[in-house]
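S.K.: Letter by letter, the chains look like this.
Protein chains: 2
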Amino acid sequence: MNIKNYTIEELNDLCAKIRKKILETVSKNGGHLSSTLGSVELIAAMHYVFDPAKDPFIFDVSHQAYAHKLLTDRREKFDSLRQFGGISGYTKPSESKYDYFVAGHSSTSISLATGAAKAIKLKGEDRIPVALIGDGSMTAGMVYEAMNELGDIKLPTVIILNDNEMSIAKPIGAISNYLSQVMAGNFYQKIKKQTKQILEHLPEGATYIAKRFDESMKLITPGILFEELGLEYIGPVDGHDLEALIEAYTLAKKMNKPVIIHAQTTKGKGYHIAEGYYEHWHGVSKFDIDTGEPLNKNGAKNATKMFSEALLDLAKKDEKVVGVTAAMPSGTGIKELMQAFPERFWDVAIAEQHAVTSMCAMAKEGFKPFIAIYSTFLQRAYDQVIHDACIMALPVVFAIDRAGIVGEDGETHQGAFDVSYLRAIPNMTLFAPRDEASMHEAVKFAHKMTTPCAFRYPRGAFTPIPYKAKPMELGKADLLVDTDSEILLIGYGAGVGRAYETMKLLDKEVGLLDLVFVKPLDETLLTQLAAKYSRWYIFSDSAKMGGVGSAICEFLAQNNLHEEVKVVTFEYEDDFITHGNTKLVEESLGILPEQLAQKIH
Amino acid sequence: MNIKNYTIEELNDLCAKIRKKILETVSKNGGHLSSTLGSVELIAAMHYVFDPAKDPFIFDVSHQAYAHKLLTDRREKFDSLRQFGGISGYTKPSESKYDYFVAGHSSTSISLATGAAKAIKLKGEDRIPVALIGDGSMTAGMVYEAMNELGDIKLPTVIILNDNEMSIAKPIGAISNYLSQVMAGNFYQKIKKQTKQILEHLPEGATYIAKRFDESMKLITPGILFEELGLEYIGPVDGHDLEALIEAYTLAKKMNKPVIIHAQTTKGKGYHIAEGYYEHWHGVSKFDIDTGEPLNKNGAKNATKMFSEALLDLAKKDEKVVGVTAAMPSGTGIKELMQAFPERFWDVAIAEQHAVTSMCAMAKEGFKPFIAIYSTFLQRAYDQVIHDACIMALPVVFAIDRAGIVGEDGETHQGAFDVSYLRAIPNMTLFAPRDEASMHEAVKFAHKMTTPCAFRYPRGAFTPIPYKAKPMELGKADLLVDTDSEILLIGYGAGVGRAYETMKLLDKEVGLLDLVFVKPLDETLLTQLAAKYSRWYIFSDSAKMGGVGSAICEFLAQNNLHEEVKVVTFEYEDDFITHGNTKLVEESLGILPEQLAQKIH
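These protein sequence lines map, in sequence, to chains A and B. With the working numbering, the residue at position 510 of the first sequence is 782, and numbering never jumps. With the working numbering, the residue at position 545 of the second sequence is 817, and numbering never jumps.
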């Protein structure tokens, strides 16, 4: 959509329409709301000053980019937002040529802009990378790695810092404090005027001092932190004032250097119910626009809540229990713990590496840290898991939420790889609860471990199963159904429910095993079962390569049981998995119980 | 060693002795030299002011901590430094109670200090974490994640910034520029004196201005960047002046806040041949103290050099070829490329995440990036490999150096896990050269790939084999020896040489396959071979869990060939692997060809 000839009034009208469309769509489909409503003008001004067909438009995390979708070729399809087969809730180059990069994880934008700037220079093209990044994304270290290079090579780049004092949860940390101070007022301008006269009356030879004074005053203006890192700074700018934004962007475009534009916005702007509120309106399920009340409340208790309650029980009993989340207090259920024990549970902002390593030090000091984190985000602290937790063999616990398919967030958020990437690490123990009762057992078991361990659980609720959970024992599986059949269904975590549902659809009795531990395996029981069951079907919401089935194949080969047992695993094939309603996605992968029962037949 | 009652003179004598011992030992055993010589006084002063039995002494990367080892309980064993069975070149709690944490990867120290500070507060103890971090480690984002929390919670912590304008290679980036400016002089002190008088003569009402002036002048002093992040700043201090250091440390200890002490040191201090030089003297093999010349020059060309030459050939032919190293220009062989094509090859400092993601943007722009990185350090960019390279399916190449056992650096540096952690990622292709000629083929093949790929090669030289390398084809293995035996040896990468050496020691003819690709596997050939060979032995310098053998077991199970073939893999067991001469380490693991030949018998 070409808006280059629009007047400011027309642009404001357009922004109002975009907001309306976003609000309507998200209220029906669910999605990210407050950040995307807050950045409508920021994005409209990007489209006015820059060219999305030419300049790389780089949206950090990109859940704030709905306006960009509406301004490019997704207007017609916008109703399908986050639906299976519909458009993604994030930027996605396969969806539109106007989307430069995939971005579902935060803090990659300045690195991408730096790489793009290098490429543009080498090609000698007249283009400029424009990155839009929220203040929440500024806490992740990767941003500094990128600024360290960009501030040194100084290639033309525009970085729009969308400061709404918010990542997903409340703002945290020194960076946030710093940005807030900046926002506090136009201190420098005032002082400068007041002092100018005084300085004019200084004795001779004071010119140098006066100049220094001026320079040093500038240093206490907002930009100092960025200027020290070699970036030019413009701001703060009202992020809802299109005229001011266009002026700032136009200036930045001409500067031929890396420039950071600091814009202040209001989260939820234009929807009075959401304006100013923190975490709740970040990402939402469908809701009533008039009241803001969620529609279709889901009755089943989700695994996150089960974890949160189990950990709260434990934390009440043992004051050595501590914990951390990296900017996902509600998402991981750590919020309740932070409220109950503010001295022992922390949100360290989007900083997964630091979250893991700082908790390793706490473990060294005799505490029992629970690191509650999504499977996909633990990827960001992989080296810390190896280098700081596992080489040290410390009793840290990784409580891995969102294991398996996560639904509408799609490719970037699927929890597919944790079994594969964690299993290879020495000193690591891996297990998984299958329902609410076993979640309590998992938390209790983790509490007793004296070396690193991780347990995984899905987004949403577990499938109910009728078997009673037992206390967990290291490396002990749980044989739920033993029969004379040659078929054994083996479930891991949420896979136990899937195996159980599948079992009910089979026309004969089969065995059912809850593996409980994928590392170490219950070698004794598996050896016995190999003598009895010759066809093993593996159910786990994880990638096939290096996953649960792979662990079992390794075990069989190493124990000369490979001839006895045929292993078939129903884990995820070697593809990134698309977004949409989880059940529809699972159906497309052929892993619904009715489909699996067919395959077994 | 209690040095609390030493005079400054005695401390200086002690430092001289420590330097002598370090120099003698490293000249015999090899090891890290310039950074460890540079930090002798920094560490002696730590022992003077703080208590290593009580206060957490946290050494970033910890290769600079030899003086600490000599000051604690490793004096007698110091001759065994980095030897198999001897003391580690890094801090290691299992070696001494005075070593707080393992640290072989950089930039973890401030996170550890933050965690320790939280623990100390909770326990109400009278201890203080003391971290020693080099300026090179300040480029990694993790440091900022930690400062973001520490500057906010403000718990007592002392961070000693050892600024010798060097990580391993030349200093790079905005942070380094910033620190250099700081070092340029004691500007603030001078100006302050000069201006004090002038300000006294200002008209009435100027008190506020004077105060502001003073405050704002402070802002152009060194500490600004850190102070903006909420840390107190002391410095710069001469890092070889024990009196100044003791004064600064003592002050910091009393401040009851997080304090950063900025100390300037000379790399290689005390050994005139190494003083001031960059990369060469960072880590060395044994050398002649008098001349600085290396002893025992190894004649065999190492794999890094082969890679560097092959990439240089390619870069000459195709100007779209670009590349990056994260602070390891010599170690990865990218140095030669940076010299030949300074516009197309970069060192982005210790910033693995940024290195990967910025190159992904270059790939998007039509370039062909080679990311040369050690196996162990690619762990630090795991999410970027998944999220920015593989979801986007971009043609980036990961050239994975130091795959397998790396020798004296030990546990933290072994390249054991890359096959396991990369294989699970969709859109990734994995292969490996086996010798110099196939390294050229690997680079050529990587060049043609239009999606992400990674190839791995060892530290040091390949074992020579007499088979001619062929051009690589996607997913095609290379059957080197075909026999009527039931035994097939399958090698991957350097494992081909190991398999070949083992084959020569067997008393019968066996088959020999170079797998070439572990992803995708050569399913056609493997199916044929399964019909013929019933015992497969896997040779690969990688972890067993999720490794090459695991990939083959998965393949056999999925293709109903599990009954036909018995797979035995000689990959690494599920343990962290200790330091020492590679051959001795391999012997301890039972993976020397003569040991493997025995096992096959």
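Be a bit skeptical, because a hint or two may be false.
One copy or two, it doesn't matter: identical chains are merged, so the pair holds either way.
Using 16 Å as the maximum straight-line C-alpha spacing, the simulated EDC-like pairs for lysine to aspartate or glutamate come out as follows [claimed, not checked]:
1) Lys791 - Asp846
2) Lys393 - Glu615
3) Lys395 - Glu615
4) Lys395 - Glu591
5) Lys592 - Glu397
6) Lys293 - Glu519
7) Lys791 - Glu845
8) Lys791 - Asp847
9) Lys426 - Glu615
10) Lys395 - Asp590
11) Lys393 - Glu591
12) Lys804 - Asp756
13) Lys780 - Glu758
14) Lys529 - Glu348
15) Lys393 - Asp560
16) Lys573 - Glu348
17) Lys292 - Glu348
18) Lys293 - Asp847
19) Lys558 - Asp345
20) Lys526 - Asp327
Since the hints were derived computationally from the structure, they do not count as laboratory data.
S.K.: Between copies, within a copy, both or neither: which fits Lys395 and Glu591 at Cα up to 16 Å?
M.R.: between (59 Å within a copy, 10 Å between copies)
S.K.: Checking an output row: Lys395 and Glu615, CA cutoff 16 Å. Within, between, both or neither?
M.R.: So Lys395 and Glu615 pass the 16 Å test across copies only (11 Å; inside, 53 Å).
S.K.: Could you figure out if Lys393 and Glu615 sit no more than 16 Å apart (CA to CA) within one copy, between two copies, both or neither?
M.R.: Between copies, since 10 Å is at most 16 Å while 50 Å is not.
S.K.: What label fits Lys426 with Glu615 when the C-alpha limit is 16 Å: within, between, both, or neither?
M.R.: between (43 Å within a copy, 14 Å between copies)
S.K.: Given identical chains, is Lys791 near Glu845, meaning Cα to Cα at most 16 Å, within a copy, between copies, both, or neither?
M.R.: Cα proximity of Lys791 and Glu845: across copies only (14 Å, versus 21 Å in one copy).
S.K.: Using 16 Å as the alpha carbon limit, work out where Lys293 and Glu519 are close: within a copy, between copies, both or neither.
M.R.: For Lys293 and Glu519, the Cα distance exceeds 16 Å both inside one copy (27 Å) and across copies (64 Å).
S.K.: Up to 16 Å between alpha-carbons, please classify Lys529 paired with Glu348: within, between, both or neither.
M.R.: Cα proximity of Lys529 and Glu348: none, with 37 Å in one copy and 56 Å across.
S.K.: Taking 16 Å as the upper bound on the Cα-Cα distance, should Lys573 and Glu348 be classified as within, between, both, or neither?
M.R.: neither (36 Å within a copy, 60 Å between copies)
S.K.: At most 16 Å between C-alpha atoms: does Lys393 with Glu591 qualify within a copy, between copies, both, or neither?
M.R.: Classified as between: cross-chain Cα gap 13 Å, same-chain 56 Å, threshold 16 Å.
S.K.: Cα distance capped at 16 Å. Does Lys395 pair with Asp590 within a copy, between copies, both, or neither?
M.R.: Classified as between: cross-chain Cα gap 14 Å, same-chain 61 Å, threshold 16 Å.
S.K.: Pop the pair Lys592 and Glu397 into one bin, within, between, both or neither, using alpha-carbon distances up to 16 Å.
M.R.: between (58 Å within a copy, 15 Å between copies)
S.K.: How would you label the pair Lys292, Glu348 (within, between, both, or neither) given a Cα cut-off of 16 Å?
M.R.: within (15 Å within a copy, 75 Å between copies)
Of the hints listed earlier, those the structure fails to meet are numbers 6, 14, 15, 16, 18, 19, in rising order.
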